[in-house]
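K.L.:
Please model the entire structure based on the sequences and the hints provided.
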Amino acid sequence: MRLELGKVLIKDMQFGNQTKVENGTLFINKEEMLNAISGDDRIKGIELDIAKPGEETRIMPVKDVIEPRVKVEGPGSIFPGVLGKADVVGSGKTNVLKGAAVVTTGKIVAFQEGIIDMSGIGADYTPFSKTCNLVVVCTPTDKLQQHEHEQAVRFIGLKAANYLGEAARNVVPDEVKVYETLPFAESLKQYPNLPRVAYVYMLQTQGLMHDTYVYGVDAKKIVPTIIYPTEVMDGAILSGNCVSACDKNPTFSHCNNPVIEDLYERHGKDYNFVGVIITNENVTLMDKERSSNWTAKLAEFLSLDAVIISEEGFGNPDTDLMMNCKKISDKGIKTVLITDEYAGRDGASQSLADADRSADAVVTGGNANEVIELPAMKKVIGYLEPADIIAGGFDGSLRPDGSILAELQVITGATSEIGFNKMSATTL
Amino acid sequence: MKFIQGNYYDVLIEVRDLVHLCYELITHPLVGSVKPNETPYRSIILKQGINTDLQSVTIIENSIQTYEKFERMKSTPIWSQRILEDFQFVDLKLFESSLDSISLYS
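In order, the protein sequence lines correspond to chains A and B. Each residue of the first sequence is one higher than the one before, counting from 1 in this note's numbering. Each residue of the second sequence is one higher than the one before, counting from 1001 in this note's numbering.
Calculated from the structure, these hints are not laboratory results. This one's a predicted model, so the numbers in the text were calculated from it and none came from an experiment. One or more of the hints may lead you astray.
Claimed, not checked - Straight line, CA to CA, 30 angstroms or less: simulated DSS-like cross-link-like pairs of lysine-lysine:
(1) 1069(B) / 422(A)
(2) 85(A) / 7(A)
(3) 422(A) / 1074(B)
(4) 1002(B) / 221(A)
(5) 1093(B) / 44(A)
(6) 1069(B) / 326(A)
What the hints assert, rightly or not - What follows is a set of in silico ranges between Cβ atoms, one per label pair, in the way DEER data are often shown:
(7) 1017(B) / 345(A): 41 to 47 angstroms
(8) 1082(B) / 190(A): 39 to 45 angstroms
(9) 1051(B) / 346(A): 37 to 43 angstroms
(10) 88(A) / 1005(B): 17 to 23 angstroms
Stated by the list, open to error - Which bits of chain B does chain A cover? Going by a derived footprint, with three or more residues having C-beta under 8 angstroms, they are:
(11) 1006-1014
(12) 1018-1028
(13) 1061-1070
For every residue, glycine included, the Cβ atom is placed at its ideal position computed from N, Cα and C.
P.N.:
So this is what it looks like as structure tokens:
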């Protein structure tokens, strides 16, 4: 499977008379866009706003971040099985508005949504302070249940990204990058002497508001399976997740998964990157056992030499991570884990809620308990009051002057467990 | 069905005691990625067994340690009714999701 990813570089975003890309600026016809994304009678109002890098703007509470993409050639459409048919995506040509993002906000549950600051110290901790953000603020109808609200906002966000992505359809990309994964047998023939490596991609799937979707299917209802890496780039995996902001994978991060990107970089040189095994993080121990048995079985079936395993979330997924690690290691396959830490404010406590002797190569995305002081911003898009109650915030987090004292947990993407950020640690 | 008049910690301690009486964990005690020092609610499903299940012992002990770590950092706040209802709702939905999963496969 071969995908050409065309990057249309976006440096600015403005409202205008027509939705189009011109000299690196994405112009958006607000009225047309509102028409394209409205229609859900669970939402009584949608407002659109723009937040650009360097502005004194705070976006909160952030639900999801989505990158506008469009399928230019090849089967299917972006977000298959959700906005379009369940055609197999990941081949042909896809254009992306690189530097633009859709950010959805809404007070869905009173906790567990994130903050994006476009400037100041908070901006350093989120990758989404570097994108020009079209912020979608949805006001639900009275007494709308939280999971209905989540679903409505999720679909509006996807439609918004889809609408903007269309602006890239007929634009000649500034850069084109090609990614290719051969069918397994051909790939073994092509690189017979290189170690075989795969990526075990753990998806948050604990229940309503903690879910991830694969081709529109709720991933807690799958058994682990194999997916071509380029399918992920076309939006085959998307977030429906209100878990703490710092270590959930927004849809944007799925499409840009750096583990996949980096595995491709050295594919065919140092190893043979044969593909991706997706698995879930369910609530019952039997589900955890079954899914980890299957990841290990698939790893063995592919005759792998090594895997990278990334976690999503905190707490009970630590158990899935360790089960995957142990069972894959027991097959004689080397493992490297990527997680983040809840190691206390001083970083001295036990980082994870589970451990195993085989987990001897672990990369961290940072300590989510670290305390950070976010200065007041001139403009807030969304609602500021949840600062006291979102994960990592606490009573008194929101000060009278609008500044916020809270843990890194509050910042969207701060401790990304797929490495879609800059935080980590090294042994000195 | 047992209701514990207490907080998250009291539920964990009760579950630990049951695990030592040969009950086996069906759901993970830290389900939901809601931090232990945030929600006062926790529903956990166990099944009566014959012998002590060592995996359940390890998981409940690790969960208690995790709870204590979070509680040392910051105690669970006294929440307003609206927030309590949100936490109840999430606990209920995750509980239902577990029941769904069990009935699917048992």
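K.L.:
Each of the hints needs a verdict: does it hold here or not?
P.N.:
Going down the list of hints, with the structure as the test:
Annotation: proposed proximity of residue 1069(B) to residue 422(A) holds, straight-line Cα distance about 26 angstroms (limit 30 angstroms). Among the hinted pairs, residue 85(A) with residue 7(A) is consistent with the structure: their alpha-carbon atoms are about 24 angstroms apart, no more than 30 angstroms. For a cut-off of 30 angstroms, the pair hint linking residue 422(A) to residue 1074(B) stands: about 27 angstroms separates their Cα positions. Pair hint residue 1002(B) plus residue 221(A) holds up; C-alpha atoms about 28 angstroms apart against a cutoff of 30 angstroms.
Between residue 1093(B) and residue 44(A) the CA atoms are separated by roughly 25 angstroms; this keeps the pair inside 30 angstroms, and the hint holds. For the suggested pair residue 1069(B) and residue 326(A), the alpha carbons sit about 25 angstroms apart, so the restraint of at most 30 angstroms is met. The hinted range of 41 to 47 angstroms is not satisfied by residue 1017(B) and residue 345(A), whose Cβ atoms lie roughly 31 angstroms apart. Residue 1082(B) and residue 190(A) have their C-beta atoms about 58 angstroms apart, which leaves the hinted 39 to 45 angstroms range violated.
Taking the beta carbon of each, residue 1051(B) and residue 346(A) are about 40 angstroms apart, inside 37 to 43 angstroms as hinted. At roughly 53 angstroms, the beta-carbon separation of residue 88(A) and residue 1005(B) lies outside the given 17 to 23 angstroms, and the hint is violated. Here's how the segment 1006-1014 of chain B fares: 0 of its residues keep a CB closer than 8 angstroms to some CB of chain A, so the rule of at least three is not met and the hint is violated. For a cut-off of 8 angstroms, the count of residues in the segment 1018-1028 of chain B with a CB near a CB of chain A stands at 4, and the three-residue condition holds.
As drawn, the segment 1061-1070 of chain B meets chain A at 6 residues by the rule of a beta-carbon pair under 8 angstroms; at three or more, the given contact holds.
Hint compliance for this structure: hints 7, 8, 10, 11 are broken, all remaining hints hold.
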